[in-house]
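S.K.: Quick note, the sequences are listed as chains A and B, same order.
Residues 1 to 277 in the UniProt record's numbering are what the first sequence lists, from first letter to last.
Residues 1 to 277 in the UniProt record's numbering are what the second sequence lists, from first letter to last.
Because the hints were derived from the structure by calculation, they are not lab data.
It is possible that part of the hints are untrue.
Note: identical chains are not told apart, hence a pair may lie in one copy or across any two.
No more than 20 Å apart at the CA atoms, straight line, and that leaves these computed lysine to aspartate or glutamate pairs for DMTMM-like [stated by the list, open to error]:
#1 K62 / E243
#2 K250 / D37
#3 K62 / D253
#4 K20 / E36
#5 K20 / E231
Number of protein chains: 2
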Amino acid sequence: METVSQNACFGGTQGVYTHKSDACGCDMTFGLFLPEDAQDGPVPVLWYLSGLTCTHENAMVKAGAQGWAAEQGIALVFPDTSPRGDDVANDDAYDLGQGAGFYVNATQEPWAPHFRMWDYLADELPALLGREFALDMDRQAITGHSMGGHGALTLAMSLPGRFRSVSAFSPICNPTGGDWGRKQFAAYLGADEAAWAAHDASLLMGERGFDGPVLVDTGTSDQFLELLRPETLAAAMAARRQEGTFRMQKGYDHSYFFISTFMEDHVTFHAEALYAE
Amino acid sequence: METVSQNACFGGTQGVYTHKSDACGCDMTFGLFLPEDAQDGPVPVLWYLSGLTCTHENAMVKAGAQGWAAEQGIALVFPDTSPRGDDVANDDAYDLGQGAGFYVNATQEPWAPHFRMWDYLADELPALLGREFALDMDRQAITGHSMGGHGALTLAMSLPGRFRSVSAFSPICNPTGGDWGRKQFAAYLGADEAAWAAHDASLLMGERGFDGPVLVDTGTSDQFLELLRPETLAAAMAARRQEGTFRMQKGYDHSYFFISTFMEDHVTFHAEALYAE
């Protein structure tokens, strides 16, 4: 692992690190905010998964999360959204290939060799983080935006016991039913739609739900509502009687101005779960 | 004036607007955050002047100021750092020409026709803002970063009565004495150094000071300390017995991670002055 940069930030350190990933077969870069409290011992971890076109950097500089995490004594992890590099397959579209990993393990060519974001986030990166940093990996929570909200929800429901709480900003809620999902799942997972269901937050909510609190925020003026399909997740949460809060925020859109506005709520929500006995 | 974008943000609106500038002889773009309170009547204004290479956008997305401004009921203005466009002179260096206006009125060719940022910020843009938005132009304050800290300090001291308070993040403190200043003043203002003194915060502090509180923050790990010359301003403030606070913040560098960390302090500082009777 190599240190790319470290900046003092809200009493702690905002770092960027690169490492050789076995899961993805390429170098991967991630951001990690360590609050001052990490100098005294391991701190809880909140994962932030980003949306289409993003790298590890977007949320790190625009989401305004570090101040609230510092206040709560929580670390923040900002992974990349896909494998990267000249050897890695890509597509001209913004919503397929590099920057658009959709947090799955691809089984189809040309994606299969590198696009293994599920394994990277479920296994490889948490193991690395636990080894290298003062993080309490028994206290993890996860959030994300758009494609990253989809990733946060599907990882949380599929790895019971891993995360104490899950939240999402304007998540893709039902990718098997919309154009942010069907196109990518067909490319990465193949034509058999049976393989897609494991990566659909609304279907997973209907099947199993999440053993902990859930918080979802979406803007009523989000320009991508037809692709996000929030109504499917709201219905599934209610039908399951899932512990959680589903909010539509009046006038807000899909931007980081929306995310930063509600970041305090989300970090506070996760802190309550992470510090509960 | 044309609206480029408007995003809901912390209960208010983050807007971007373009207008034909007479001062600069080109189209100019600025960001304006209006808190929810502006729906009930004019609100005070805090100007934020950005540093080298920045546009109106950098601080708007990275400084984390809107949340604190919303809490205080204060508007934020994010002007550009120079004139822009194909007709506008430029230079290959990052620290001269477009993105590097240094907040002066150029008198030398090829800069003189467009590089009139002083007039733009002292006269034209405030007049436009007062006409078009619910802003109380009798209650203004100003801050900035690096080259923008220089701009904030020099405007505040040169326009007595205009601003109730002034602050700066890692400002260029003594441009007549360092390479962030001498090169640009020679280009924009000519070889006669007598014309430069009016744009040097440390010299202005020695001559006249500021009729209100001053807050300056600079990181001890700032990679540009030799160009910023904070010791000159600290000495001038102390020698004048200027009301104010000059802080060196341990371990922080020149980045927006530093700015966002101390933004709450600066907005709160300005709010106290803006709401004082």
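S.K.: Now, for every hint given, state plainly whether the structure supports it.
M.R.: Evaluation of the provided hints:
no.	hint	result
1	K62 / E243	neither (29 Å within a copy, 34 Å between copies)
2	K250 / D37	between (36 Å within a copy, 17 Å between copies)
3	K62 / D253	both (15 Å within a copy, 18 Å between copies)
4	K20 / E36	neither (28 Å within a copy, 47 Å between copies)
5	K20 / E231	neither (40 Å within a copy, 44 Å between copies)
Hints 1, 4, 5, counting from the list given before, are not met by this structure.
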